[in-house]
Amino acid sequence: MRTSIVFLLGTTLLLLLSGCAQAAPAATIRGQITYLQRIALPEGAVVTVQLVDISRADAAAVVLGEQVITPGTQVPIPFSISYDPTVIQDNLNYALQASIRDAQGQLWFTTTMAHFVITRGNPSDHVELLLEMVR
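Counted the way the numbering used here counts, the sequence shown spans residues 1 to 135.
One should not assume that every hint holds.
Said to hold, decoys possible - Label-pair ranges, simulated between beta-carbon atoms:
hint : residue 1 : residue 2 : range
1    : Q104      : D58       : 29 to 37 Å
2    : R56       : D84       : 28 to 36 Å
3    : A40       : S80       : 18 to 26 Å
4    : E128      : R38       : 35 to 43 Å
5    : A27       : V68       : 34 to 42 Å
6    : D90       : T70       : 29 to 37 Å
7    : D90       : L36       : 31 to 39 Å
8    : M133      : P85       : 18 to 26 Å
9    : M113      : P76       : 15 to 23 Å
Don't read these hints as lab results, they were simulated from the structure. Think of the CB as a built atom: it goes at the ideal place given N, C-alpha and C, for glycine as much as any other residue.
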């Protein structure tokens with residue numbers, strides 16, 4: 001009987017303490033998307049911005065955060081991506097990639113170069129993404 005009570009109290013204490021553990025607050029990377037062409041985005045355009053781990057050349061980029069925007073306005077288009085800062089490692093490379101598609105999914109604009117962020121002295125705020133037209 002005494003062993004059962006001690007076990008029950010220990011289990012209850014463990015559950016209470018585990019409930020006190022808090023997840024690390026999300027970090028946020030902000031910036032804006034633009035392009036040089038003097039054309040309006042089509043109605044229903046969809047902007048996708050992703051924070052990716054591009055450290056491994058022999059593997060696909062791992063998406064760490066994403067924002068999908070239906071702007072309804074023209075460039076510049078602001079973005080804000082939340083991500084878990086505990087997965088960031090100082091010795092790895094992270095980048096932003098973005099695209100703009102029309103309502104039918106046809107690609108209009110995309111990033112064509114790596115926009116490094118977060119580590120190795122790269123920015124995590126006021127990031128400017130210049131997209132290139134592909135149509």
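Run through the hints listed earlier and report the numbers of any the structure violates, in increasing order. Of the numbered hints, 2, 4, 5, 8 do not hold.
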